Structures are given as C-alpha cells and as structure tokens.
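Between the sequences and the hints, there should be enough to build the whole structure, so can you do that?
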Amino acid sequence: MSVLPWLVAAWLFGAGIYGIVSSRNFVHLIGCLSVCQSSTYLLLLGIGYRWGGVVPVFYDHPPGTKAVDPVVQALVLTDIVVGATVTALLLAMAVQVDRKYRELDPQKLRPMRHEGHQ
Amino acid sequence: MKQWLKLALLAVAGCSLVWPVWRIARALPPFGEPTGNYGPEVNRLGPPLRHISNMVSAVNFDFRGIDTLGEEFMLLAAVTGTVLLLRGIRGEDTSAAPDIIAGRALAGRAESTTVICRLLGPLTVLFGLYMAAHATVTPGGGFQGGVVIASGFLLLYLGEDYSAWRELIRSHIVAALEGGGALLFALAGFLPLAEGHAYMENTLPLGDFKDVFSGGLMLVENVGVAFAVAAGFTMLFLEFMEETRSLEGDGDK
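Chains as they are written, first to last, in the working numbering: chain A, 151 to 268; chain B, 1313 to 1565.
Just so you know, not all the hints are guaranteed correct.
[Stated by the list, open to error] With a straight-line Cα cutoff of 27 Å, these simulated DSS-like cross-link-like pairs (lysine-lysine) come out:
#1 A:258 <-> B:1314
#2 B:1314 <-> A:250
#3 B:1318 <-> A:250
#4 B:1522 <-> A:216
Read the hints as simulated data drawn from the structure, not as lab findings.
Keep in mind it's a predicted model, so treat the numbers as computed, not measured.
Structural data, given as structure tokens:
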C-alpha cells in the first residue's frame, strides 16, 4: 500500500499531460494543467508524511509529538493559492485569444504572425 | 501539428523518462518514513524559538519567509496580469448594464437562495477572518483565511444579483488592499533592518505560546498575506464577471 500515493501522483500527472497534448480547447487545457499541478501536491505531501505523525500544529498535542513535515505542507499551501491565480491568468489569456481569433482550439490556431499578415 | 504526431512525441518523451524516474523513485525513502532532518528540526525548534504552535505558519512566515515573499509577489503579478489582460481591452467604463448577455435569459434567484446566502455569506467571511487571525496558533493563516473570505464575498454575489454586488465591492478598494497587503509584507521585512538586524529577522516581542498574539513579525506578515489573498481572489472574480457585461462597441453582438 505504501506505493499507492506515488502511483496516484504519477497517474494524475500522466492524465493531465495526456489531456494537455490531446486538448481541443484552451479551457480544457488549463483544467488539465491544474490536474498536473495537483499531482505535485500529492507527491510533496507524500514525501513529508510520517507514519503515525500528527499535524504539525502543537496546540492539542504537546511540542515534541511525532508530526509530519511542515515544510512541504507550507510549499503546497502557497502553491495552491498561487496556482489558482495563475490559472485565472491563463483563463484571461484564453478569453483574449477567443476575442481575437474566435477560436479556442489549440490545434487550429496558427503561430503568431506580424500584424497585417493575419 | 498532427494529433498522432503529438501523441507519438508524448510517447517518446514518456518512454525516455521511464528509466530516470524509476531510478529516482527507487532512491526515495519509503513512504511514511522520510529521512530528511529539516522538517523534524522545524517541529522541534519552532515552539521554543518562536513561541508559536502552527509550524506551517512558522515555515511560511519566518523560517522561509523570503520564499513566501516571492510567492506573494507571484500572486500579485498573476492578479495584475489578469486585470491588465481583461480590463485593458474592456476599459474602465462601468456604465453598461451588468449581468446581461445578448441571447441569454436573465435568471432570477429563488428567495431561499437569497436567504441562505445572506446568512452564510457574512458567516463565511467571519470564519475566514477567524482562520486568518489564528495563523500562529491553530491550522489556518493568511493564505487559507484569505481564500475563505473571498468565497464569502462570492456567496454574497450568489444571493444578490450582480449589480448589487458591484455596489458592495469597489474595484479600487480591492486593488488597494491587494497591493497594500503585498507592500505590508515586504515592508515588514525592513522593520528589523532599522535596528541593525537582518531582513525579516523576527525582532518583535514573540508573545506567549498558544496566544493569538504570538509570533512577533509573523503576525504583521500574516495580515499582509490575508489582505492580498482575499482582495486578489475578489479582484479576479470581479474582472471575470465584468466580462459578461454587454458593452457598447464590443463588436460581437
């Protein structure tokens, strides 16, 4: 059972990457990127976990109780919040792409060209 | 690029990664028995050195405070970028009728929705404030509390209609809180410099263990983060909602 967290993380990452590569819509692609990102949360939390460890908050448990790693938890915490805002930034870009080209399919969009050649 | 070619490239990349990833995975300590000393040392030293019980906050705001400063400015940059992208094209004109899109029926709200949201919205904001304020004592902190506060504001939108919400949430106040929070965090680091200490060194009185006002400089930084996160998420929601307004000269009606 102890490999399950790694397997789930790998599966999430793989599913996200496959979604990104095969995506036919930028909004879907951004969702897939978030799936990839959540695999890193699972990986980090898995690395910091200790059997029988409590949360690294010593309010109910006296300091010195065996606890899980607080450093990876802090990493994941800030990453979730920043990740959400970066997702919003990407979605705003998708809104602009749609406004300019009336198209959200990454496979139909051509590379950017100089204005006027469009 | 053809679809099959993309998938073939993905397969090649995946296959070439199998061996290195396998090597790394084999070298990892077994699940549940990490061998690193950093986390356990933080857990051991945090309470006596900083008088606080939440070690995640201790890492975020003290032991690795400069990292969090970087995260904070990433957040600010992402929110600013989103606002620039959306508002830059749309302009700052707020006179157009909100919530109305040509061809979409204007859905009303059930009275029960309004009642529930009016009850839960303020309570959610209160809970978010509680979470943010107890950063150094119990699970919570500026990041988590800020997101909860922002979701409380979303409940207010759900219960009222957009124009009422727009009256409540002023874009320039939200923007000031967003930037001000990040500024407060950055400036808090300069405070110790005035006394000849290192940047972000925790020189304020540390308070008592398990007390809300424990942690010294962490409290100031936490308030900055709570402001920036709550205002940042509200700002994002505001900007995306503004996209649904029918503006004159939008060109796609």
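Evaluated hints:
1. A:258 <-> B:1314: 10 Å, holds
2. B:1314 <-> A:250: 24 Å, holds
3. B:1318 <-> A:250: Holds, at roughly 26 Å.
4. B:1522 <-> A:216: The given pair, whose Cα atoms are some 19 Å apart, holds under the 27 Å limit.
The structure agrees with every numbered hint stated previously.
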